[in-house]
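There are 2 protein chains.
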Amino acid sequence: MLQQLNKEVLLKRREALEQVIKRRFIYQPAFSLYGGVAGLYDYGPVGCAIKTNIEQYWREHFIIEEDLFEISATILTPEAVLKASGHVDRFTDLLVCDVKLGTGYRADKIVTETLENRIAKEGDKLAADVKARYLAVIKDVDTFKEDKMKEIIAELQIKAPETGNDLTDPTPFNLMLPTIIGPSTKLPAYLRPETAQGMFLNFARLLEQNGGRVPFGAAQIGLGFRNEIAPRGGLLRCREFQMAEIEYFVDPSEKSTFKKFNKYINLEIPLLSRQLQADAKLHQPYKMGDAVKEGIINNETLAYFICRTYLYLVEIGINPINIRFRQHQADEMAHYSSDCWDAEIEMSSGWVECVGLADRSAYDLNAHSTATGQKLQAARKFKVPQPRQVLQIILDKQKIGKELKKDGMSLIKYVEALSDDEKQDLFEYYQNNEEKIFNIDGKDLTLNRQLVKFEKKTMNVMEEKFIPHVIEPAFGIGRILQAIIEHSFNQRDDPQKTFFKFSPRVAPVKCSILSVVQNEEFDVVIQELASSLKKLGISCKTDNAGVALGKKYARTDEIGIPFAITVDKETLTTQSITLREIETTKQVRVPIVDVPRLILELSSGLILWTDVLTKYPLFAAKEEDA
Amino acid sequence: MLQQLNKEVLLKRREALEQVIKRRFIYQPAFSLYGGVAGLYDYGPVGCAIKTNIEQYWREHFIIEEDLFEISATILTPEAVLKASGHVDRFTDLLVCDVKLGTGYRADKIVTETLENRIAKEGDKLAADVKARYLAVIKDVDTFKEDKMKEIIAELQIKAPETGNDLTDPTPFNLMLPTIIGPSTKLPAYLRPETAQGMFLNFARLLEQNGGRVPFGAAQIGLGFRNEIAPRGGLLRCREFQMAEIEYFVDPSEKSTFKKFNKYINLEIPLLSRQLQADAKLHQPYKMGDAVKEGIINNETLAYFICRTYLYLVEIGINPINIRFRQHQADEMAHYSSDCWDAEIEMSSGWVECVGLADRSAYDLNAHSTATGQKLQAARKFKVPQPRQVLQIILDKQKIGKELKKDGMSLIKYVEALSDDEKQDLFEYYQNNEEKIFNIDGKDLTLNRQLVKFEKKTMNVMEEKFIPHVIEPAFGIGRILQAIIEHSFNQRDDPQKTFFKFSPRVAPVKCSILSVVQNEEFDVVIQELASSLKKLGISCKTDNAGVALGKKYARTDEIGIPFAITVDKETLTTQSITLREIETTKQVRVPIVDVPRLILELSSGLILWTDVLTKYPLFAAKEEDA
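Chains as they are written, first to last, in the working numbering: chain A, 17 to 642; chain B, 17 to 642.
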């Protein structure tokens, strides 16, 4: 019964869905009382519970399954860290402002919207070559640098949309939110733009926890911040957003093979490869084994996480037909990245990037090593000695000691501990330089090349050092939640009767306990049932109000409670209740004594509704009154 | 076997514990690679898992049990909100700086430390009256305002401790971390100092979800930030810290009774009441019913949450003997608060406030109402009409319309919707004032008293409006985690052999799967067992290394894994393993087929180890080799 939920189908339902989101406070703009702040949203009880559930399942699916090290690092991040990572210099969007009012716009957005509007408005009146020019600009505008952007804005006469005023020259605006830590140190800092850096900085500690061995993975669930110039699009583009990220550290010589990938070589996943994009074709399903063999996906480690991501998304209720993995174009990736794929989900606003999977090579560990002078490396250990061309450094320790006194020892220790790659770099550096300055524990120490000799030798070694590569799957929880909500939303024959078909483990509340009519005797049973469910940690909602049962069902359906228990007259005589499933509205009669374990097993996915149907007698409900 | 873990016992173990915390990366200072930032800590895998588990149990114990509305509001908070809440003006500590170096100190801390040092150093040489003076200052210094603090610093010759330099005059330093949202609006904002405001701002939405009825509670788990002047004390005083807060909204006329409190009237909890403190006595156990009856605790609602808090702390592994609830002194409470208690836990650093339980009256809802002109009220609905003295406002609508045109309608609507209390306030205001300015939708509208008449009447009403009061239990997760770690830490006869006696639901990893000796056949069984546990969402750690079993046990003990499965020769013939419990180190022989469900039930607290002992045969292990 899998439905193709394309953009049009989802758009049609959108208005009704928006009403439910607002009426049932699934999420809503934050600070509405104070006029609101763009790009900030509060999750209400329903949205918050779904968020908690998909995070918890992410833990089971990824952290427990792969034995990842989950950590919780801080949001506050000193500037030096983000300088090293490249964010201070490069985490920017081009900003243009209305010259008179100062209103800020994202340059690429305003160019795109202006040109799209002209195309829509002028229609056939627009000359073919002008239209072609517009479309070409729209396609590439997000890659333009300052100069190019300025040129285009002048050439195409782009103005501030509300006023028609001129725009200031495009300037890079850093998207990190700044703050200052402490009254006396006044340490400049930012709110982290991603959770990743915390995992890179803890690499050495985690490597130690793993007994010095790679591969291993770190994981973190937490908030990221992005000072968007002009956020729109609800949960899809927020200034504060929940992420779940994995940094999987691998030996670069081993990342092409991943043992557990064998399970998935026949799994078919829709891919939109670089080639398909170049050929202007649609995504198409590939067997994952073939995708790696044919070189479409760079390595098995990356492919394995694509498979796991796909399975996760399907398991939490994303329609599989509306998932595709899009490969980044060569000019879209960071220079250090060897391959990068986005899990995109089709929603009412089109295909939306919800998970990014990147091979980040050794970029991040290298960056922090360079900035701090601390080594972030692992070692390949051999069972039998291996012959290796080894570059040895021979230091004139006596002279160094004389020159640098106590600091000489630190310098000697530091240089001798360099990795093979770093020794090679140093060797090349001294080909053209007389001296090199090392920053060790905050001191600049100079080492003249006269004090260093290099020797190349073939040696039998028991280990060699290397900087691990990183495969990074990064999940945007808010976007995934929006996708689940859109894909799960349904209307019955009466379109006012809406319901969410959530997977039970994602559902915000697991079951409702209702009475057929308001009645004190029923209330006793309801409270006892609620209490026995709560003891098992199962969330439930009770309703013994004096309204029609149909209305009670409608209320629980509207927030996607998968199972409804109803207490009726028969309950008092036979100690049984009826249990109703949300999508089919079918009901069975179940002894009260069975209920807690039944709901527990249903809501944790241990059994399915179809299992319940075979075990208990169907209950022919009277037509629900409205 | 309950041990009195007083400060001395805990201090003795502290050094060994610190080593484990570091070696196993339970938590560690953040940004160590970059020299570190005081007051920021990263949780490693063990700490992070414990944190997740105590949060999850908090959800079950409070949110599910009380049907609270959990929300997730933003950390970024515009200045206007925190101006209204009082934080911009009053969330400060007094800062003094070294006049030459600029180093900042918290005035109260530096005074205390200086005087304590003098007392310790000079001992008996110190004149009795001087010593008495010092002790009096130490007792009250945290309540001193700027002038008084300045006076004391001058009088007692307090200097910068490292340099002996003079100190600047004390000035209030705001403890919120500032930021700026957006490039063009440049909205001044702060990182929230508590999660509470997000719940107050969403009060109206949540009231609607509850069908307009109070009482109901909101809950939020998330980060708070505090720009401490000079943070020390590890997890006990951080600049970024996880909180779990409840705002329980009640009808002030009903808060003295709370139906579910009846369950706990005989529960004994150690209280340190205002009176006991005044009498310089120790805390003592009270039956909670008596504590309310005797007026020690202000009302049943507050008392109920004290009970639930106590039970929560005990359930997650805090030693009950080391918990007390300390009542705030009258001058320690906010002016609007009618009663306030802290759950304090005894740790190696003494008694530490870990949970605050405050009756905040209507302060917060009032503050945001006043600031925004939006009503944050609930209504008492009556089944039969009730006679009430009602103050009616009669407006001269014609003249208002003439004077204010369109705005007149907004003003009329606004004034007519005032609550009974607000009408009373307005009546009193006009006794002494000619006109009042209302800020409605951002416009200042003036209403002259000539246009308003008041009439008092007895009327039969079906409802009356009121501003709910708030009972606020606020939990510091980091502090509680520190307490659990300290209370659970143990050393065996060999003090190098340490273990944590965590309650299974708090334990970071639920079980380990070990082999007696390294062996490929054993590894197959280990992997199968791990896979079947993971399917149930149970975290486990496998170890098939070639080291002695005793060493493997030591590794899993050190991070508090409660259950260890061992695969041995007999496993291959009888399809059974041994299961060992961490505290007793007793082992039983269990069929493999029983294992997954057994571990699931043990780790969720459905069954206890003693149940396992009665069901399965004891396994006489050979002495563990070290």
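Hints are not guaranteed to be accurate.
[Claimed, not checked] Listed below are the simulated BS3-like cross-link pairs for lysine-lysine, each with C-alpha atoms no more than 25 Å apart in a straight line:
id, chain 1, residue 1, chain 2, residue 2
1, B, K297, B, K147
2, A, K551, B, K275
3, B, K551, A, K551
4, A, K551, B, K517
5, B, K202, A, K99
6, A, K275, B, K550
7, A, K397, B, K557
8, B, K276, A, K557
9, B, K38, A, K391
10, A, K557, B, K631
11, B, K550, A, K279
12, B, K38, B, K567
13, B, K391, A, K279
14, B, K99, A, K202
Don't read these hints as lab results, they were simulated from the structure.
We went through each hint and held it up to the structure:
{"no.": "1", "hint": "B/K297 <-> B/K147", "in the structure": "holds, 22 Å"}
{"no.": "2", "hint": "A/K551 <-> B/K275", "in the structure": "holds, 19 Å"}
{"no.": "3", "hint": "B/K551 <-> A/K551", "in the structure": "holds, 23 Å"}
{"no.": "4", "hint": "A/K551 <-> B/K517", "in the structure": "holds, 24 Å"}
{"no.": "5", "hint": "B/K202 <-> A/K99", "in the structure": "holds, 23 Å"}
{"no.": "6", "hint": "A/K275 <-> B/K550", "in the structure": "holds, 18 Å"}
{"no.": "7", "hint": "A/K397 <-> B/K557", "in the structure": "holds, 23 Å"}
{"no.": "8", "hint": "B/K276 <-> A/K557", "in the structure": "holds, 18 Å"}
{"no.": "9", "hint": "B/K38 <-> A/K391", "in the structure": "holds, 19 Å"}
{"no.": "10", "hint": "A/K557 <-> B/K631", "in the structure": "violated, 37 Å"}
{"no.": "11", "hint": "B/K550 <-> A/K279", "in the structure": "holds, 16 Å"}
{"no.": "12", "hint": "B/K38 <-> B/K567", "in the structure": "holds, 19 Å"}
{"no.": "13", "hint": "B/K391 <-> A/K279", "in the structure": "violated, 59 Å"}
{"no.": "14", "hint": "B/K99 <-> A/K202", "in the structure": "holds, 23 Å"}
In this structure, the earlier hints numbered 10, 13 are contradicted, and the remaining ones agree with it.
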